[in-house]
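For this one, chain A is given, so just place chain B on it according to the hints.
There are 2 protein chains.
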Amino acid sequence: MRSHYCGQLNETLVDQTVTVCGWVHRRRDHGGVIFLDMRDRDGIAQFVVDPDTVDAFANADRARGEYVLRITGNVRLRPDGTQNPDMPTGMIEVLAKDVEVLNTAATPPFQLDDHGKVGEEVRLKHRYVDLRRPDMIQKLRLRSRISHNVRAFLEQEGFLDIETPVLTRATPEGARDYLVPSRTHPGEFFALPQSPQLFKQLLMVAGFDRYYQIAKCFRDEDLRADRQPEFTQIDIEASFIEEDDIMGVTETMIRQLFGEVLDVALPEFPRMTWHDAMQRFGSDKPDLRIPLELTDVDDLMKDVNFKVFSGPANADDGRVAALKVSGGASLSRKAIDEYTRFVGIYGAKGLAWIKVNERAKGIEGLQSPIVKFMDNIIEDLLDRVDAKDGDIIFFGADKANIVNEAIGALRVRLGADLELYTHDWAPLWVVDFPMFETDGSGRLSPLHHPFTAPACTPEELKADPANALSRAYDMVLNGTELGGGSIRIHDQAMQSTVLEILGIGAEEAQEKFGFLLDALQYGAPPHGGLAFGLDRLVMLMTGATTIREVIAFPKTQSAACLMTNAPSDVTAEQLKDLNIRLRQKAKVEETVE
Amino acid sequence: MRSHYCGQLNETLVDQTVTVCGWVHRRRDHGGVIFLDMRDRDGIAQFVVDPDTVDAFANADRARGEYVLRITGNVRLRPDGTQNPDMPTGMIEVLAKDVEVLNTAATPPFQLDDHGKVGEEVRLKHRYVDLRRPDMIQKLRLRSRISHNVRAFLEQEGFLDIETPVLTRATPEGARDYLVPSRTHPGEFFALPQSPQLFKQLLMVAGFDRYYQIAKCFRDEDLRADRQPEFTQIDIEASFIEEDDIMGVTETMIRQLFGEVLDVALPEFPRMTWHDAMQRFGSDKPDLRIPLELTDVDDLMKDVNFKVFSGPANADDGRVAALKVSGGASLSRKAIDEYTRFVGIYGAKGLAWIKVNERAKGIEGLQSPIVKFMDNIIEDLLDRVDAKDGDIIFFGADKANIVNEAIGALRVRLGADLELYTHDWAPLWVVDFPMFETDGSGRLSPLHHPFTAPACTPEELKADPANALSRAYDMVLNGTELGGGSIRIHDQAMQSTVLEILGIGAEEAQEKFGFLLDALQYGAPPHGGLAFGLDRLVMLMTGATTIREVIAFPKTQSAACLMTNAPSDVTAEQLKDLNIRLRQKAKVEETVE
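Protein chains in written order, with this note's numbering: chain A, 45 to 637; chain B, 45 to 637.
The shape of chain A in the complex, shown without the other chains (with noise of 0.2 Å):
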């Protein structure tokens, strides 16, 4: 029905005759001619509708916003002083010969140009209209060519596609489950998977090599700001092969996208150990595009006279970490206290400061609440951190992990807030994680999952397993996680060791993941994957400030779809069907019995 979308129109078609299909973007009568700015997803184009062309003429009168048209003209230079060199198509005209009208269009519930003037909940109710955004017709179409860029790579690599089950078992990720009645085996359920992780550790006992899949993947999680009921990840496994191996593959895979989707050559990506990250950014996902870093003053800070930090840097948990930031000085009163409230998200009870005016006047050339108290150690502390006139210094003092959240965030902050970016981007790998993590009564529990490999002997693990690590792996982007990974357990004592180590019973183990342990007697090998968030990464490429703009139809934070109005009730009838009944008298409950 077309020869040509509207973007590929330009001045190399002048004089020929090209059809478009497309929606009316705008319309502007000027001059007793009808122009109309025609749109399709490659872009828009000027159309100019003149009276002597009768009929066509007749049909552009008609047109209003979002009409859907076809045309046929022939393409012309614009005259001078029309021309729009900011569009790819601004050269150019086309001089309508004939205009079809395909369907008419109500009034659209808004503008696609002032999509900002209303809220995202109209955005939402009327997606396909809000889809037409230029903007985000190129996010989805990126989208789109990031999934081919990664699968032609993976399967080049000689990687599998093999789909996984969506109607599955509950997975050890931890994450609560989406669950599905079944009507087959009344009172039983399904779960919808966090992750393909258990079907493809099988699919390598099975021999298949090397697999990966762009899979559905599902949390009933309370909506943290950015996250979705259902997401997608780049699920990916290979056997016989070691942390370079697999990191280097993907690494490659990443390196690659880079360049070809975005032409950004990616330097090669630093390996930082998880205990530097912590020490050095607060955060195992560190944001190397801001050149600050946690500075550890406690030997400085034991003996002060000044319990909030003496106390911290003498406790076996506490940290006492300084920020130094040049030139922070000028920060106002008022900017320090809402960075003051910032860290109190993340729990500490306040934040420090020394602001150095002046260092040659010594403490007089200081401006602080707490310097006062240091003074036998301030000189050391400001070489520690290499002060120099004009910057300040944060403070975090409390148990560590609260220290390296709040200043790690407060630094990610202050390095937006001040525009600190060295680099556009900035890659890394972290490596070395431990093993496990402790909740506060001392339990431990897996970093990763129950099936990461340990970087020791079984007898070794069992011997200190607080300190041992694992050999995971994660890949980190400007401060966000892309994708995180690990060799797993392919040995069954291992494996045995690992769940004691969990308190994880033989019953309750064969409970859960029965089939992963019995198939791990059957011949298991060496084996080890990676799993990256698609969502994420398409983000973070696309500059997209939330997930909900890269993803067609997303779900509001109260995991509800504002256009299908779902989820939904449904007929006493299902429910009889699946053996359940409401617990709740809602609505529907009323109709069950």
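Any given hint might turn out to be false.
Given that identical chains are not distinguished, each listed pair holds provided it fits within a single copy or across any two copies.
[What the hints assert, rightly or not] List time: in silico DMTMM-like cross-link candidates among lysine to aspartate or glutamate, alpha-carbon distance up to 20 Å:
(1) LYS620 - GLU265
(2) LYS443 - ASP347
(3) LYS416 - ASP270
(4) LYS556 - ASP535
Simulated from the structure, these hints should not be mistaken for lab results.
Computed from a predicted model, the values in this text were never measured in an experiment.
Below, chain B without anything else, positioned relative to chain A:
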């Protein structure tokens, strides 16, 4: 960890050192030497371990079937007389220098070569073992290639890969939905999609122009012979197109797929109207490999003195059809009895037949229980079906739909039993479907779905809905529906007319798919599409006999996974979170209350 896959080893590598990783497929001890057939996803190769290589020999000696080994050694030609030309690696063997046991293996629940001896239940429970069979690996590799090939083609044609939601609202396909209770909206449920139909239409309204997705779909149906509760669809939709456009691009897709993956050049697909297909083959998915056709004989049978025939011949909804099988007169009485039973499955009350022994002898030369009733028309009948000596003619006489189903199925059965196939591959398009079908009570329901465009105006449709044709098309291969689709309704008035004819009131329509009806008013482009069943396509292309052979982790006919034991019990707390309780007092319920 390896230099080659086992299947890659061949004569070109003689005298080179190679390292492979894999599973012990078979072990033989012969003349003090150990022979190991090592298996990986690419194939099987023979390794020889000599007692001279002390460590290697000791490790090889420990190895049992399915142990995981890493072996390094030198490739050499096998001695004369020990070559195996049936194996791709059969001309060479590897003299092992190093043998490393990467993992041990318990005796598997069944030997791969003996999988036929255990029930499918055992193999499904230990699916990771069953998947090791080279035949299974091959099928899933081919599936991966097929998906990849389809994606590459569609990308190149400008189709965008866009993901649609899995947690969504009940769709109007009409099968039973899988439901997912919402925790955040108590008493409400998501439905898993039976297809992305509505979403892909909305993507067209949004202007994405060309969409595809390889999407998981779900139906909670009583599983007939070869269905799965979750299945995979190659889903395609495009805007500003007509039937020929979308049929053209998808036919090209399938033809190039067969060419590239199977090296099969499919012929151009002929087109056949639904009416012709039913008349000539009794089926809307005729298997054109079989050179048998149904012949209408209603006119001849109107006045015969045999109510079984004359009744349907004179009834409006009746049909009398003949099916001539050349050379079929040699069928035994027992065979005919079996076919009589067989057509009974489809509702036929009997199976009349005439054996043509010697046409020259007239009625004397025929053998048949019914020929006595049709003395006066017998020559016309024999001429009509071009009967020759040695043929058999079967008859169906009943309501037309019963005749079509029964004799259509008999035709397919005879084609298989008598090996009548004239081609390996017989593709076609079936077009000009009726818009609606009637149930017994005369109520109309959509043959496809209520968004299928009719091939006439709203006025014409209203005037005679029962005889209206739709703009739907099915792609059929070897008697299997590979895919189907249609041009959709993009016009509100037409959509209202169709819903009205279907007796779907405005309120019900708004409740069920109001968002689509809303979308149609904001400038919907003309659009249409198609969906292929990927599982079935892979089945055909791999020659699999059940759908379970082309799915890595399939479900049983009662929709259960024997490996993971899904579905399974859940905890009282989980049910409470979801605001539901079990209806019957099942195991779980006792712990709930």
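Checked hints:
Proximity of LYS620 and GLU265 under a CA criterion of 20 Å is satisfied inter-copy only: 15 Å between copies versus 27 Å inside one chain copy. Taking identical chains as interchangeable, the C-alpha atoms of LYS443 and ASP347 lie at most 20 Å apart only when both belong to the same chain, with a minimum of 18 Å there against 100 Å between chains. For the identical chains of this complex, LYS416 and ASP270 are neighbours neither inside a copy (43 Å) nor across copies (81 Å), given an alpha-carbon limit of 20 Å. Proximity of LYS556 and ASP535 under a CA criterion of 20 Å is satisfied intra-copy only: 18 Å inside one chain copy versus 52 Å between copies.
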